[in-house]
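Visitor: Taking the hints into account, I'd like the entire structure generated from these sequences.
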Amino acid sequence: MSVSASSHGPVIIEVAINGATTYERNPNTPRTSEAIAADAIACIDGGAAIIHNHVGVVRQGTDATVAAYLDSWRDIFVARPDALVYPTIDFQVEGLSFDHLRPLAETGLLKIGLCDPGSVNLGSTGERGPQGSFVYGNSFDFIGAALGLHTELGLGPSLAIYEPGFLRATLAYQRAGRLPRGSMAKLYFSTDRGLSGAAFGLPPTLTALDAYLELLDGSGIPWAASVAGGDVVASPVGRGAVERGGHLHIGLEFHAGDRTPTNLELLHEAVALCESVGRPVATPDEAAEILDLPRRSVTPV
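Each residue of the sequence shown is one higher than the one before, starting from 1 at the first, in my numbering.
With beta-carbon atoms standing in for the labels, derived distance ranges:
# : residue 1 : residue 2 : range
1 : Glu-127   : Glu-275   : 43 to 49 angstroms
2 : Ser-219   : Gly-278   : 22 to 28 angstroms
3 : Val-93    : Ala-172   : 29 to 35 angstroms
4 : Gly-177   : Ala-234   : 36 to 42 angstroms
5 : Gly-137   : Gly-278   : 40 to 46 angstroms
If you're looking for bench data, these hints aren't it; they were derived computationally from the structure. Glycine included, C-beta positions come from ideal geometry on N, C-alpha and C.
Guide: Structure below.
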């Protein structure tokens with residue numbers, strides 16, 4: 001077992017509050033701007049350091065995407081000027097886009113960005129096994145351009161690690177001096193459900209966690225554990241991550257199971273786990289220090 005030097009320091013809890021989760025899957029999922037803001041504020045007040053949300057604007061242009069995010073964030077920053085909130089990648093007619101990050105960063109509100117440094121098959125499972133034609137593809141050129149944009153804008157990228165190859169690419173960019181300041185690796189483990197019915201990557205076991213930590217050893221990159229299609233706090237990797245000096249990525253975007261909790265309920269369970277291990281939870285300001293996020297001034301919106 002690899003234990004980091006921060007094994008007794010604060011735990012960053014990120015809450016991914018909605019993602020593509022529908023009301024049918026969990027009626028507590030916040031989808032409107034008002035619901036997103038209320039959920040985010042409650043979670044930050046309850047111990048979350050980072051909030052990640054999606055908005056229901058797809059292929060309507062960058063301006064519409066930016067407006068939708070600012071509409072969902074405005075009340076958050078009124079209540080919590082220290083908030084760390086970030087969006088997902090933008091889906092436009094021409095394909096995946098990071099164009100919305102520049103105007104969001106120019107407001108000063110955005111301190112964290114995102115980059116998924118690899119490609120993966122995502123789909124469902126039927127009688128004949130995994131099925132579906134969606135390949136979530138990110139070429140090395142696209143990834144490299146995204147990392148360069150984050151460095152230019154002074155954003156710390158949240159790096160989604162779906163498969164081990166994603167992490168090896170991340171480490172290769174670090175060795176080349178291209179990994180932006182403030183980067184954080186989120187280790188996505190997957191149950192058989194995955195995101196939409198098919199498993200991907202590594203299962204949520206301690207063996208799998210330690211395999212990732214072997215790759216991360218000596219890199220100094222902060223990391224968090226997450227479980228797609230399950231419950232990270234209830235899984236072995238939740239406690240394992242906290243005990244090994246890592247952080248937690250929770251929320252209704254990935255949660256699945258026999259119950260339909262709220263994001264705040266999941267957060268309370270994560271805080272209790274951290275307390276049981278003897279680690280406090282980080283405030284947004286403490287998370288910014290842990291991640292070494294670049295400082296930004298805020299323009300009122």
